Structures are given as C-alpha cells and as structure tokens.
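K.L.:
Quick mapping for you: the protein sequence lines, in order, are chains A and B.
This note's numbering applies: residue 1 is where the first sequence begins, and numbers increase by one.
This note's numbering applies: residue 1001 is where the second sequence begins, and numbers increase by one.
Because the hints were derived from the structure by calculation, they are not lab data.
Remember, predicted model here, so these are calculated numbers, not experimental data.
A hint or two may mislead.
[Stated by the list, open to error] Partner residues aside, some chain A positions facing chain B, computed with beta carbon under 8 Å: (1) V209; (2) V316; (3) M320; (4) A629; (5) F632.
[As the list claims (entries may be wrong)] Under the rule of at most 20 Å between Cα atoms (straight-line distance), these lysine to aspartate or glutamate pairs were calculated in the DMTMM-like manner: (6) A:K525 to A:E649; (7) B:K1168 to A:E449; (8) A:K213 to B:E1024; (9) A:K525 to A:E449; (10) A:K307 to A:D635; (11) B:K1178 to A:D637; (12) A:K307 to A:D530; (13) A:K57 to A:E649; (14) A:K566 to A:D526; (15) A:K521 to A:D611; (16) B:K1027 to B:E1176; (17) B:K1027 to A:D635; (18) A:K589 to B:E1024; (19) A:K48 to A:D635; (20) B:K1178 to B:E1024; (21) B:K1098 to B:E1176; (22) B:K1027 to A:D637; (23) A:K568 to A:E579; (24) B:K1178 to A:D635; (25) A:K307 to A:E558; (26) A:K589 to A:D637.
Positions of the beta carbon are idealized from the N, C-alpha and C atoms, including for glycine.
Read off the chains here:
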Amino acid sequence: METIDTNVSNFFVTGDPMILGSQVAIAITVLAIGFVLTYFKKWGWLWKEWITTVDHKRIGIMYILCSLLMLFRGGVDALLMRTQLAFPGMEFLNAEHYNEIFTTHGVIMIFFMAMPLMFGLFNIIVPLQIGARDVAFPFLNSLSFWLFFWGAMLFNVSFVIGGSPNAGWLAYPPLSGLQFNPGVGQDFYIWGIQISGIGSLMTGINFIVTILKMRAPGMKLMKMPMFSWSVLSSCLTIIFAFPILTITLFLLFLDRQYGTHFFTLDGGGNPMMYINLIWMWGHPEVYIVVLPAFGIISDVVATFSKKKLFGYTSMVFALMSISIASFFTWAHHFFTMGSGADVNAFFAVTTMIIAIPTGVKIFNWLFTMFRGRIRFTLPMLWVCGFIFCFVAGGMTGVMLSVAPADFQFHNSYFLIAHFHQTLIGGVVFGYFAGFYYWWPKMFGFKLNERLGKWAFWLWNIGFYVCFMPQYVLGLDGMTRRIHTYDFDMGWWELNFVSTIGAFLMGLAFLFQVWQIAYSIKHQEKDTTGDIWDGRTLEWSIPSPAPAYNFAVIPTVSETDDWWETKQKRAEGKLAAQPEPVYEPIHMPKNSGIPFVKSFFWFLLGFGMVWDWTFMWVPGLIGVIGCMIARSFSYDTDYYIPVEEIRRTEAAMKGVTA
Amino acid sequence: MAATATEHGHGHDHSHGHEEHNQESMKVFGFWLFLITDVLMFATLFATYVVLRNNTNGGPTAEELFQLPIIIANTFILLTSSFTSGLAVLAMHQGKLKQLIGWLAVTMLLGASFLGLEIYEFAHLVHEGATMQTSAFLSAFYTLVGAHGLHVTIGLFWMIGIVLQLAKRGITPVTERKVNVVSLYWHFLDAVWIFVFTVVYLMGVM
C-alpha cells in the first residue's frame, strides 16, 4: 500500500494548492467537454469534420484555437511571475516553482503559441493567396498539426504529472543533465518539443513545395503577395534550422537516458557544444517566427493605404537576406562565455548587419502609408502598434549586439525587455494584425471594432508599462531568473509598475476573448468576400472559402492581381466574363491516420519519459504500423463532380446577392 | 463538405493523367527537401563528432579501436548496393518488373550484409569494453555511425514494402515514384557513408 502511495505521489505533482486546484479544474474541464460532446451527440461530427480533416482551412483554424489556449496558459505563467516579483521578499512562489514557471512560460510561448499561430495563418491564407486548392501534401499537413497537438499535450501534462521542467526554455546542460536534474521534467521537455518539432519540419517542407509548385498560372515569384514570400523565407529557414534542434535534443536525451557524455561535465563531454548547437537553431528560430509577421504587415499596410506596397523588390530581398543572415549570428547569445575578441567581433558585426534589411522594411512600410488613403481599421491599428514597438525593440537589439557593452547587459532585465519587445511588439502584434485582417475570410463575419480597440490600447499601454521599467531594472543590475530580491536593492518601485503593465495585458487578452464571443453572437456578416477592398487573390472568393477554394483556378497577370482586376472592371475595360467552365476537382480524402499516428507518438514519448517499456514499445510499433498502413493505401483521393461545384457556387452566389 | 462528396473514378480517368503526374513530381521535390533536412541532421552529428573526437577520457582512441579491413569491405558492399539500386531504376524505365524486383532484392541483400558487418563491428567494440558510455568520443562515434546504420535499416524495410507493392500493382506512376524516391534515399546514404568513412575511420587511424 505504501509503495503504491509513493508511486502515485511521484506520478502526480502533489503538495501545492495551486497545482491541486489546476488538477481538479483540468479533470472537470475534460469531463465537461466529454459530457457536452456525448449529450449533443457530437463525437462523430468532431471525428469526421475536424480530427480527420485534410482541409488546410480547418487545420489552420485548429492551429489558431490551440495557440490562443496556449497564449492563455503562457500568460498565466507570466502573471504568476510578475506577482512574485511585484514586491521585495514575496513568498508567493518558491524558488523551485518559479524556475518551473519561467521555463514553461518561455517554451509555451515560443513553441506552442507563436509557432502554431504562425502555422495557422500559413495554412489558412497561403493556398488562397497563391490560387491553389490546398497545400502540396494535405495528409502530411494534418500529420504536422496532430504532432504539434500531441507534443504540446505531452509538454503540458508535466505540469500536473511528474513535474515541470525547470532549466530554462533552452535547457542548457549541465543543469538540464541527469546529474543536476534527475526528475522527469526535462524528459517531458525533450519529448514534447521533439514530437512537435518533427511536425514543424514537415510543415516547412510542405509550404516550400506549395509555394514553389502550386501558384496559379501567371503568378511569377516576383508577382507573389508579400505574405507568401515571407512564408517561403520562413520555411526555408525552418528546414535548415530545425534538423539541428532535432539532433541536439536527441543527444541530450541520450545523455539523460543512456548515460552518454555529449554534454556532461565528466567523461569528456562539452556543455558549450550544446549551447552552440541550440542557438544555431534558436537564433534562426526567432526569425522564423518574425518573418511571417513582416509579410502580414506588408499586405495589411498596402490594403489599408490603398496603395501598392512601396519597394516590393527590396522587400523580397530584405526577407531573403534575413533568412540567410540569421544563420550567422548565433554566438551573440553568449558573448560573455569566453569565445575571445575575434569571434565576438565577427558575431557582433553579423548581428548589426541584420538591422539593415530590417530598416529597409520599416521605411518601405512608412513610404507605403505616405500619401496613401489610410483607413484605421483594427488590422491597421495593430500595424501601427507593431511599427512603433518593433523599431524600439530592434534598436535595443543593436545595443545588445555591441559585444563589449553586452558584458553589462548580458542576462539582465535589459535583455528580457529587449526580446519581449521584439517577440510581443513584433511577432504577437504582427500576428494580431493578420488575425484581425483575415478573420472575416476564415469565418465570413467581422470582429467587433469597439471591443477590439479596447484590447488594442490595453495591450499597447500594458506593454510599455510592463517592459520599459525592465530596461532600467536591467541597467540597475537586476538579472533574469531570480525569484526574489531584497528591499535594499532599490528595484521594487519599477518592478511594481512592471507588474501593473503585465496585468493590463492580461486584461487586454480578456477583452479579445470577449470580443470574439460577442462577435460570434452579434455577427456582422460579410457577404462580399472582400470586406476590406483587398488586393490579393484570397479576397476574390467568398468568405468563408468553399472546400475546393477556387471553382476555376484564376490566371494572374499582375502583382496585386485582384486589385487590378477590380480597377479594370470599374473602368469597364474588362470584357464580360463568360459562364465559367467547371471541371471535376481533384481532392484528397480525409484520413484518421495522422491523429492515430501522432497519438502513438505521444505514447512513445510518455513511455520514454517514465522509462516504461510497456508503453513506448507499443507506441513505436503503432507509429511504424501507421506508416505502413499509409504506404499501402492507394485510395487516397477523389473528384468533386461538376454538378456539385455548380450547386455550391450557386448557393454562395445566392448568399452574395 | 469534402467528406460527403460522392466519389468518382480516382486516378484511372485519362483526362486526369496530367494532374497525377504533377502530384508525383511534387512528391519527389518534397523528398529532395527532406534530404536537405537529413543532410543537416548528419552535419550536426558530424560537427559533434569532430568536436568531441579527441575527448577520449583516458579510454581507447580511434587508432586503437578501428579495424580498417572490415570498414573497407563494408564500403565496397554499400557502394555496390548503390550501383544495383541504380540498375533497378534502369530496369524500371525499361518496364521490366521482374528485373526491377530482382535488382531491388540484390540491393537489400547487400544492405543487410552491410548492416551485419556493422553490428559485428559494434559488438566487437563493446566486447573490448569500448561502449557508448566510455567517453565523449565513443558517444559521438556510436551516435553518428549508428544514425547512418539506422537509416540503412529503415531503407531496407522501406524497400521490402515497395517490393510488395510492386508485386501487387506492377509499375504504375505511383510505384514508379516510390522506387525513384527510395533509390534517391539509398544513394544519399551512400554519399553519407563516404563522409563517415573519411572523417571517422580514415582520419581516425591516420
């Protein structure tokens, strides 16, 4: 009996009232979801319409839904930390708990919030923007999503089962090695990220092929919408960076599980090797998540200024050069770790070079707005918020890149403020612009402007109130990852202000949730499919788009082809369109394999974490079995008959009329 | 929605031949991109090996451990298997199904002998007390060479699956693409082995 007790208390995290509360809340939520699905007989619907879907638009919606949930969890982590730091000597979180929370906050925000939000927008928009009917490999796309989902699940259960990782978001050894971290937390970290990382890698491949091979006829690369360009640059960076992460985590796993000596202190291991490798992935990673934001800003700014994007070619050049240069800056994350003056000088210069294409982009956006007819809708407001915040964040980045000065800034709150300014001000604000811009395309109705403005101003004010004091705190000597400080350090006033800012951002998030709920209830329907008077192909079809996107694949002749078409139509230059000639449309069939296979990956990971052979072996067999099942199934697609296309199109025109 | 649409003659309709060809060529392109990612995985393992190869922790060094005759034999076996997989693709282009399956079988046989010798080598090293846990050098050695061996193993099972599909369906655009892709993969493993042979074994004993 006693051994069972100890086993259970090793398995579940016990002894903390907050975690106990969460355990109860999770159990209740799971039961409630199960009950609702059963009561309304929705299990079949969930399986047929969502879990097995290979439709890029639905996969995209699922990505975004998960990402918002993760934003909530990562945000709660942030608020817990800010509460702990609000006053000197607080006893809200102990050191161990604080370590776990800053670790999960970082991991969740990057891997399970920013990445899926990005992939969600890729999925929903890229095929529509380039005039394609789906991505290149729809089955693989679904598999990517479910790998992300189960990977995220595996990481998140560590919170209530086994204990969270606590070695920081990049898990530097030797702290993350077996010697100093014998629990299962780091194993959850390794497997959660590994499983979802495989999904990210496949998404990268998928979208490169989609963009290079599936553009509508006439859409030369240099006529492609800027968001699609940014996706291409981001995906190229993914396929070069993520393999490094996969191997690095795998080596850390070998160290922990099989006693090898890659990164250990004994046996000839070299922890610095890990730090180099992880940043060879990690630095490109931050560009992977910010490049698509640049693309979003470009599309939104052109639409709401009613002008062509200024400097299209230089924008393409800027995106691509950043994706290359991102691979040559990694050592600026550890200037202080003794690489020597020459190495530091090299990486300082490469880092500063990145500021050049970034500056080009900022000016392109400003000149696009210059003498434009600007409409301050929600997406455009977020663009303005983005530009202000990101420019300042970029400037402090240049300050950090000065290697000698970095000895002062390194690992201080100055750094914390800098990267939050680029990741919130850059990535999150940019994605919000895209989110509000394309929401009507996803669902066929608009999000409420008034509530959205509340959220916008609360986010922005909250941001500066939270992070500007942190720059000063950093210069005053406050280092990151400390869970408390003494009264005589003179830090508490600024910390208190910073905490207020964090809660303002939390409030802003609640406004967004309210905004979505309110807008679903009081739908401002869009019947035109082109609610913003857009410029690119996604606005030429109804909102939401039909399963096959384009009944007839468009032929493109200009950049911003849809805008030019509308202009020609208005000037009467466009000959009357003949009745479209439909052909049967080739579509992939839904499949349950991605979900099942990813679930086996989850079993494999969970079994590995606990060293349970009885679980990981069946998991591995399941994964292999699913591969074989897929390889041997030849009946994977079907054709939508012309009659059905005609019916669908007529029904949508009926709505439009 | 998509799921409820009625199903129509999939792929056999001649008017859709062009689209099918497109699909298959996209898959080959996607596989090339996958190979890029695999190159990078190996590059990371090579980099790790090169950094750690002198960290022998007082244990055996590369010079003391490696037996070149086995490795050279293995190199020739793998190179030959790459050649025979090329012959398989040539046979496929001539539409000769039996020859295609025959050459794939020879390729698998050679791949299996390669693996057999590699396992023998590993067992021998472990028997001498040079295990993965002995030193950073050996950790990196087993992981790099083992990763290549694992790729070969996967390739073997993959080929078995393709031979079964060929036997059932003959040479179709889909099976043709599958043979092309697996042979690409096999040549790629050969190229990686050249680097393993040079960086690990030759530079290890010289």
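K.L.:
Hint by hint, say whether it matches the structure.
P.N.:
The hints, checked one at a time:
Hint on A:V209 holds. Least Cβ distance to chain B is approximately 5 Å, under the 8 Å limit. Of the supplied interface hints, the one on A:V316 is violated, with its beta-carbon coming no nearer than about 21 Å to a beta-carbon of chain B, more than 8 Å. A hinted interface residue such as A:M320 counts as satisfied when its beta carbon comes closer than 8 Å to some beta carbon of chain B; here the least separation is about 17 Å, so the hint is violated. Given hint, A:A629 at the interface with chain B, is violated; its Cβ is 11 Å from that chain's nearest Cβ, farther than 8 Å.
With its C-beta approaching chain B no nearer than about 7 Å, A:F632 sits inside the 8 Å limit, and its interface hint holds. Under the criterion of a C-alpha separation no larger than 20 Å, the hint pairing A:K525 with A:E649 is consistent with the structure, at around 18 Å. Only pairs whose Cα atoms come within 20 Å are accepted, and B:K1168 paired with A:E449 is rejected, the gap being roughly 60 Å. At roughly 12 Å between alpha-carbon atoms, A:K213 and B:E1024 fall within 20 Å of each other, so this suggested pair holds.
Pair hint A:K525 plus A:E449 holds up; C-alpha atoms about 14 Å apart against a cutoff of 20 Å. Between the alpha carbons of A:K307 and A:D635 the distance comes to roughly 47 Å, so the proposed pair goes past 20 Å and is violated. Our distance criterion of 20 Å between C-alpha atoms is met by B:K1178 and A:D637, whose separation comes to about 17 Å. The suggested pairing of A:K307 with A:D530 holds, with an alpha-carbon distance near 16 Å, which does not exceed 20 Å.
Using a Cα cut-off of 20 Å, the hinted pair A:K57 and A:E649 holds, with the two alpha carbons roughly 18 Å apart. Only pairs whose Cα atoms come within 20 Å are accepted, and A:K566 paired with A:D526 is accepted, the gap being roughly 18 Å. About 48 Å separates the Cα atoms of A:K521 and A:D611, which puts this hinted pair outside 20 Å; it is violated. Between the alpha carbons of B:K1027 and B:E1176 the distance comes to roughly 12 Å, so the proposed pair stays at or under 20 Å and holds.
Of the supplied pair hints, the one linking B:K1027 and A:D635 holds, its CA atoms being roughly 17 Å apart against a limit of 20 Å. The straight-line distance between the Cα atoms of A:K589 and B:E1024 is roughly 17 Å, inside the 20 Å bound, and the hint therefore holds. Taking the CA atoms of A:K48 and A:D635, the gap is about 17 Å. The hint holds against a cut of 20 Å. Taking the CA atoms of B:K1178 and B:E1024, the gap is about 9 Å. The hint holds against a cut of 20 Å.
Of the pairs offered as hints, the one joining B:K1098 and B:E1176 holds, with about 14 Å between alpha carbons and a cut-off of 20 Å not exceeded. Proximity of B:K1027 to A:D637 is assessed by CA-CA distance (about 15 Å); at most 20 Å being required, the pair is judged to hold. Among the hinted pairs, A:K568 with A:E579 is consistent with the structure: their alpha-carbon atoms are about 19 Å apart, no more than 20 Å. Proximity of B:K1178 to A:D635 is assessed by CA-CA distance (about 16 Å); at most 20 Å being required, the pair is judged to hold.
Of the pairs offered as hints, the one joining A:K307 and A:E558 holds, with about 14 Å between alpha carbons and a cut-off of 20 Å not exceeded. At roughly 5 Å between alpha-carbon atoms, A:K589 and A:D637 fall within 20 Å of each other, so this suggested pair holds.
Checked against the numbered hints above, the structure violates hints 2, 3, 4, 7, 10, 15; every other hint is satisfied.
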